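Number of protein chains: 6
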Amino acid sequence: MVKHLTDFSMDEEFETYVLIKSADKRVAKNGKSFLSIVFQDRSGQIPGMFWDVSEQDAQQFIPGRVVYLKGKRESYKEMPQIKIYEMRLARTDEPHDPLMFVKRAPMTSQEMKDYINQTIFEITNATYNRIVRALLNRHAKSFFSYPAAKSNHHDFAGGLAFHTISILRLAHSVVQQYSGINAPLLYAGALLHDLGKTVELSGPVGTEYTLAGNLLGHLSIIDAEIVEAADKLGIDGQNEDLLLLRHMVLSHHGLLEYGSPERPKLLEAEILHELDEMDASIMMIQNALAKVKPGEYSDRIFGLDNRRFYKPHSVDQSHDDGQDPSRLF
Amino acid sequence: MVKHLTDFSMDEEFETYVLIKSADKRVAKNGKSFLSIVFQDRSGQIPGMFWDVSEQDAQQFIPGRVVYLKGKRESYKEMPQIKIYEMRLARTDEPHDPLMFVKRAPMTSQEMKDYINQTIFEITNATYNRIVRALLNRHAKSFFSYPAAKSNHHDFAGGLAFHTISILRLAHSVVQQYSGINAPLLYAGALLHDLGKTVELSGPVGTEYTLAGNLLGHLSIIDAEIVEAADKLGIDGQNEDLLLLRHMVLSHHGLLEYGSPERPKLLEAEILHELDEMDASIMMIQNALAKVKPGEYSDRIFGLDNRRFYKPHSVDQSHDDGQDPSRLF
Amino acid sequence: MVKHLTDFSMDEEFETYVLIKSADKRVAKNGKSFLSIVFQDRSGQIPGMFWDVSEQDAQQFIPGRVVYLKGKRESYKEMPQIKIYEMRLARTDEPHDPLMFVKRAPMTSQEMKDYINQTIFEITNATYNRIVRALLNRHAKSFFSYPAAKSNHHDFAGGLAFHTISILRLAHSVVQQYSGINAPLLYAGALLHDLGKTVELSGPVGTEYTLAGNLLGHLSIIDAEIVEAADKLGIDGQNEDLLLLRHMVLSHHGLLEYGSPERPKLLEAEILHELDEMDASIMMIQNALAKVKPGEYSDRIFGLDNRRFYKPHSVDQSHDDGQDPSRLF
Amino acid sequence: MVKHLTDFSMDEEFETYVLIKSADKRVAKNGKSFLSIVFQDRSGQIPGMFWDVSEQDAQQFIPGRVVYLKGKRESYKEMPQIKIYEMRLARTDEPHDPLMFVKRAPMTSQEMKDYINQTIFEITNATYNRIVRALLNRHAKSFFSYPAAKSNHHDFAGGLAFHTISILRLAHSVVQQYSGINAPLLYAGALLHDLGKTVELSGPVGTEYTLAGNLLGHLSIIDAEIVEAADKLGIDGQNEDLLLLRHMVLSHHGLLEYGSPERPKLLEAEILHELDEMDASIMMIQNALAKVKPGEYSDRIFGLDNRRFYKPHSVDQSHDDGQDPSRLF
Amino acid sequence: MVKHLTDFSMDEEFETYVLIKSADKRVAKNGKSFLSIVFQDRSGQIPGMFWDVSEQDAQQFIPGRVVYLKGKRESYKEMPQIKIYEMRLARTDEPHDPLMFVKRAPMTSQEMKDYINQTIFEITNATYNRIVRALLNRHAKSFFSYPAAKSNHHDFAGGLAFHTISILRLAHSVVQQYSGINAPLLYAGALLHDLGKTVELSGPVGTEYTLAGNLLGHLSIIDAEIVEAADKLGIDGQNEDLLLLRHMVLSHHGLLEYGSPERPKLLEAEILHELDEMDASIMMIQNALAKVKPGEYSDRIFGLDNRRFYKPHSVDQSHDDGQDPSRLF
Amino acid sequence: MVKHLTDFSMDEEFETYVLIKSADKRVAKNGKSFLSIVFQDRSGQIPGMFWDVSEQDAQQFIPGRVVYLKGKRESYKEMPQIKIYEMRLARTDEPHDPLMFVKRAPMTSQEMKDYINQTIFEITNATYNRIVRALLNRHAKSFFSYPAAKSNHHDFAGGLAFHTISILRLAHSVVQQYSGINAPLLYAGALLHDLGKTVELSGPVGTEYTLAGNLLGHLSIIDAEIVEAADKLGIDGQNEDLLLLRHMVLSHHGLLEYGSPERPKLLEAEILHELDEMDASIMMIQNALAKVKPGEYSDRIFGLDNRRFYKPHSVDQSHDDGQDPSRLF
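Protein chains in written order, with full-length UniProt numbering: chain G, 1 to 329; chain P, 1 to 329; chain E, 1 to 329; chain Y, 1 to 329; chain W, 1 to 329; chain F, 1 to 329.
Hints in this document: simulated from the structure, not taken from any laboratory.
Okay, derived cross-link-like pairs now, DSBU-like style, lysine-lysine, Cα gap no bigger than 35 Å in a straight line:
1. Y:Lys293 with Y:Lys103
2. F:Lys72 with F:Lys103
3. E:Lys265 with Y:Lys3
4. E:Lys21 with G:Lys265
5. G:Lys103 with E:Lys265
6. G:Lys25 with Y:Lys32
7. Y:Lys293 with G:Lys32
8. G:Lys3 with G:Lys72
9. P:Lys32 with E:Lys77
10. F:Lys311 with Y:Lys25
11. G:Lys103 with G:Lys113
12. W:Lys25 with W:Lys103
Here the structure is a predicted model, which is why all the values come from computation and not from measurement.
Use the sequences and the hints to build the structure in full.
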């Protein structure tokens, strides 16, 4: 089996193909120039320094390029690092498509589209249905390719749609368990809640905040688009359904301190907020735990108040207590 | 159909049977004594004043007694109030069982026991299974009759078990949706998380905090019982499974400010905390909205940062936008 | 000179015309019905109780009606109160226009319009100018008649426009004093910053929050209208000037905790926020101090963290220190 | 035109005169000693390392000395840095006055004195006037040469007086706009509010906190001096004017958390606090934006909660929207 | 034995002498005037209403007067209240000295003076000693008669001196236990830390905040007096000892939020702050517990974050565990 | 006299014996391996780098080993550092016992045991006495050898017992000064309050948090042990004395934010919390000040909100003010 970037053990030498995620030219204390590069494939990222860099090197080894890399896995300040023996651009007869080296959502684009389509049929309120269709249509391409965040959770290609679908699944469970929930409102809110990120973020690769993202935030961005869409669909600006839908989006961060201009004032808005939080938490914790061994603590998770999480040793699931598994009550 | 206590309209005169929830003897500014009573049936509560109270009246009209009540529904300081025409203890040939007038969980005790039994079979880890059985056994009677809180959410007979089951249901959905969750730990934690309330609270009626509840809180109460039970079951005090289970219970309030001595440091602990919060939120909002009419705002909900929630006018679910319900993607 | 409602001294008997601000029918402990009324004229408000209320009384003595009132100024729980001797609706040959009894801005509507017009000429940036014109036009009537808040500051007819003008005046001083400020952006932001209140609030009389106000807040309301207006004016949604203007509006509460989804990230946005705060503070303090005598403390001011303010005894401005008023430096 | 320190472009070689702001002797990993120097002129600061440092070098290249510097502008860890080719002390026939290399207030000392003098004439209350004169006299030299802060805002020679004057100017606008403000109190408070910094800080160069500054803070320092001065001027300690003036100074940080032992309880104290904050904010933002190009974000500003500010691309001020600039209202 | 005001049981009739603590004339809903009086003796306070009040009654029954009172102990809204049968001013041949009815410190004035004198001898640093003598001399009368607070803790005549002595006692224990503490500084700081309350508060009876108290607070009041005293004693303003002593006083509230302009930066200042807090806490808790019976909770204590405290049933101190009281280690 | 590790001055060459506190193998930028070591003796710690490290070196130079060290005291990034000339393991005929190089409590183990024994006799309540004996017995060895914290305060061998004794001493003073304190409860609480640290921490050397420590915290650890011990001693779980003792332990951090699941609700619990805080504060400040010279500020102290403390120049204790040391009052 092919080894990936993070599979090599300490001091192991290797040859492989990787994507350049970032590359900065710097000067060492001794005056020599070098490229500080971060390499990436679907297994993760590791930095390395490329010394004696020529002008041509600096121009060709740029973010987004796939390279053939020969080197050794070392360590610097207790973090993994690659000592570079040889590096050149990948040829067209070699693996050279950047998308092959980027993490992707665990569902295919088509599976995600199917799920979304199915949910839209359940949005039986005309106002919500039409607005959701209009806006998903407008941002479809970005919606299925963007990450859900610059870093933190669901920070992979397709992460935005996948995070939306995770929330929709939980929402279906909640609708089943509790009576009296306005399901179309909840689903419509879930579908639109993070759609503004297609404008807030620059794209699936080298993701940065746009000017609109920095000055407005994704809540206000999509809120204004909902109004615009409603206007074009001939829906009155004071229509209660429209106000409810805007509230779902504007309040989904839950607290003013987290950027929601209003706290949830609808049952469905409170539910959306809590499901959003839960899906993001689970994803962040699972990502962090995936990087450590049983019996260890994860790195601090910024999005969870810098908590570390513990990975237990073994998950013994056998049932051997000798007790008769008879009913308790 | 029989009208209940909160069904009578303004100025309506009535005869009915109700439970005395509380009764305090007071003196009015003009020097006369009266009983300030709160009447209750399953529809809710309304206060009333009983004037010219004799010593005998004060002794017989006490909390927990069912009375025949003849009066008029009035209003005082914008709150409903009953003007009492006549009041006497209910006779044994009349409705007189206090439990008939108290709200109950929407599942029967047996249904709840069945669900719990079933879940225990899914706790395939022997350590968790044995501890859970031991403690549920010890507190079984209280567990199925206590409320989940003095006020706030699930404050009805059987509320503690019902709240536990609601969390278990959500937990099953989460386990299905996300891989890699330690289901036995999550279920065991959910079953025990509020069990300390059987010691923290005084009982299903006239619920107050006990001294142990006030000085220790239900987290520390059940934590110590887990250790005691493990000790008797011969489980070592430093057994990792035991430590994990204790952590589930101790951390389930999520924040130190909410009384958890440790924040969640396990994926399952974080999930339990979030499910606990979500179930409580939904129940509190639904209760509050049930008391108001469409287009109105609920009272402030203490357990949700004093927010008011809005009850929309109509939940139109028809799908008549003329658009062909074809797939979007 | 005619005495106003708050001019009467303790125990003084009087006849006058006043506006009914609010009137609630209640039942006293002794079972009798009465109307709890708040009377109002431009001098302030005083409550009174109208006893032995007939059905007809309850129907005619409603908010918004002007009445002839004969009574005595008394005190209840240390607050002024009116003992009502006689009350009837004002006839058409008596003062009976409600607007005569409501506080108004210290500028006439025309003076305010002139000032706004003049400022618009100074908005020399086409994007800002066109959007400001479009939105002020749409909401002109409300803009010049609404208060700036339900209570707190500028809670009088015309208060919204007057508050806006106060900020513009301070903004002109700031632009003069500091070089490099984008004046058109600052003025446009000031003109629009609270315009959403024309939708958030119900009107100049008996002001309440609308549903849109409660669910969205005036920041998001006007933000979406800016986008809609820009769309109709053919201004591109990603135009930098448009984004800056939206940011001015969205960030003007300064802190996320105060409902701004973004904190100010432009020099002009920070200035707008601080001027807004300063004008509101001065107005609240001056209102509170106007009600007390020198040497006393004002009531607690809710909008200023419940602080009380002190009114000094005398403001001696004579210069009699015997020192020669020669230059110091 | 002469280029300044921060004008040189990447890799540019240069000769110039600069001030040594700080110089620390350190040992590199390879064991060699070097001086880590920060060079400064009125354009800003850049660090550089001076290698192979002799004992004599270490004694002559100290903070406050002007040097002839020959070197190249490079970059280290993405920050500008100077590679030193040659360095020696400036001779007396070369630029060698340290004050030539330090930033100064944009007004001359005389202009500032004139403005202060004029304002003192407007302090028509004898108590305020005499105390202000006494204390400005005592600290005159420091007042016109000190910075207003160790870093943050107005951190240049003369910054303290300039910051005071900026507040006075804004205060004049406020006095003009709002009636009923006690102008002499406001001006006297503004003049004294930061005067304690002449004791709190060590001086205009290499500014540090003094022991008194660290243990007492500039509010308590000047407060005690006001009392001492009043005592010598024969003003009674309980004189209301004196108490008001002390309150102006003690409360001007606005919040207890910011070191004011009392929050503002006078209209004038609240105004002073807000003007102080506004002037500091504008200055900090303008300084931060001056260092970046249009379309970029400033560094985080510590004194403004670590916010970054955005510098827009172009400030188009032409009025070409084709619309007739007729009156709107 | 003579019964005191709070000794009478429910419905008990009595005759006694009491002090009028406060008396407000009010109008009942039925239009009749009455005096709302609070009666007081050393056992505590109880309110009562005096009906059919004449003009003469209103003039003679004022705060500070001792009255003969005949009445019954009743209850209103669950709080004790007195039904007044008869009331007249006490004659000169009856108990009529107000000071007999006010709580006092548990030490006599002379005992407190002796303790203070003794401590001053231990302040062997001349700077501290001279300043302490000067200020205690100036405020001696108030220092030994004022309470330590308007309400909260030590709110009795002589409370200020007694609280100071309690801290000094604890300080002596700390000095004995830990080496290296600057005892003279600690004692001097303790002696002066609350001395400003003699200016902040109006007096031992009917204690209110003065204007100086409201605008400056007792920390700044005494700080300025220290400087003034030092100035007259010829101690230089920058003398380190003087700065340390000022810091002790200014920082003793511990947190900026509690009104200290600086947090403690000296070991002795931190100790003073903690001792101050501990003595106040113990006094507040003991006062609150004195009012309830074993097994009950106290009222909420404002100065301790509104906590209630529990009074245990019995304090069994017998040693009967059958175990031999041999050494453990 | 023998010089210790931190006694050597800059650039001084030396030979000595020291303990290796930590040793990590790293790779320098130039690719060479080195050991980053921290050396320690009772005077403190200093790091050093050991270059050209062989496999054998890495295996023998590990934490806990005593080495002969020849080197020079240098400085790196303004922190002291050792340049290593020669290093080898200490022989058995040289100083080689690790305990000789670790800081210890200022009392011997026997002195501490004597003090504890004596205090236990004063715990005259049988319930407290028996539980305290049982738990101290169980953890005796750790109790007298563990530090009281991983870092912060009392982080030396025996620190846990010494910290407990310091609190007991202060508690004795408090009991003497204030009447009505339940001394046996206070002493028992003090003895047990931190005993859970014997399970929370890994040991006196290379102290880390254990899994139980991380997941439960020392409060819950000892709380559960108290319950277990009481169970075995036949003390009923709802015995009031038992609940009080558990509350002492659970509430001793004072605030929920600091990990106490309940805030103190007993007078003795509040006292224990404040004494705990005071002893820790004094110890932290004294440690920090011991490292700096008079006139300097300490490093920031993490456990005291990152405050720096000032070390005054001289503590002049002579009494030479010329004033007659006569009584003041």
